[in-house]
Amino acid sequence: MTKTRLLQTAAFAALSIAASGAAQAQTKTLYVGMNGGNFERTYTQHVFPEFEKANNVKVVVVPGTSSDILAKATAAKGNPQMHVMFLDDGVMVRAIGAGLCEKVKDTPALADLAPGTRLKDDMAVGIDLGMTGLAYNKKMFDENGWAPPTSWMDLADPKYKGKVVFQSAAASSFGLHAFLMFNRIQGGDEKNVEPGFAKFKDTIGPNVLEYIPSSAKISEMVQTGEAAIFPLTPTAVAAHQEKGIPVEYAQPKEGSVVLMVTECVIANNSEPELAQKLAAYLLTPEAQSKALQYGNIVPSNVKAKAPTPEADAKLKKFHEYMKTAVTLDWDTINEKRPEWNSRWNKTIER
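When you line the sequence shown up against mature numbering (1 follows the signal peptide of the UniProt record, and there is no 0), it's residues -25 to -1, 1 to 325, in that order.
It is worth saying that the hints were derived from the structure and are not from the lab. Given the structure is predicted, the values throughout are model-derived calculations rather than measurements. Since no wrong hints were added, every one of them can be taken at face value.
Capping the alpha-carbon separation at 25 Å, the derived lysine-lysine pairs in DSS-like fashion look like this:
1) K252 <-> K47
2) K114 <-> K289
3) K52 <-> K78
4) K113 <-> K291
5) K134 <-> K113
6) K278 <-> K80
7) K228 <-> K134
8) K278 <-> K292
9) K174 <-> K321
10) K113 <-> K192
Use the sequences and the hints to build the structure in full.
Here it is in structure tokens:
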């Protein structure tokens, strides 16, 4: 009997292991390229799990900047290693032009997206709304009795001499946005940047303490009292405030600049149906409400709910900002960007 039971136990264990292996073999993996940090943490911990459970799939993040993700997708165009990617809107326009995306399939959630969030006949769609406006060091402003900024031209106000921090237009979307809005105020547009380049050095230029490649140093420069005013998004301002850094957002009267994170399904990927299903799920009110609650990621779906009255008030204010936000001509920008970058580095940051 003992021998028989041992044999039965061994057989049961073998069957269990085999069943477990079969189940694991059936679990598919989707790879999503996106920014690391807050994005990766929020989606991995709070948004993806429901989809993973419902579809017996594992979603793995490939972290990197938009440029990093675009480079990876471009290098693997013939044999895609990712299934969905998140890119800043301007970079996504380049990805669409390079044939890296397939059209997002029509779902009820598409009809609930905010205006201006569906790109190029739904080849990509907005997943996180944002805009670049102005931010300022509230402690410094209070101590000096300065009123909050109201215009992009405040960056040229002599009282901020040596206190403006400006992200490099050659390296940062924030810096590029601010430069192009200054260019518009001077009479130019994306097809004509001569007014901006001609006048920047003698207006905003003398006030700039430092041109920085990204916004990573801003928190430090605010706390050391070096930075008074700088281009930034409401979302980034909120992140600074949560850390106790005295920063406030100001919407310029000329308008902020739309800055969306967008998603696309990568063309010719190995799991087209599942990838489309994930992309559709990420646009639902349920998924976007979680991204808002746990990551302060502003929903593109207007039916997404804020978790608290305070968060709802912030979301309503954000939607007010969106009413005057400017959408740039990214086709022209992407065509001219290398030329502008070279000119910026030679004439502005030299």
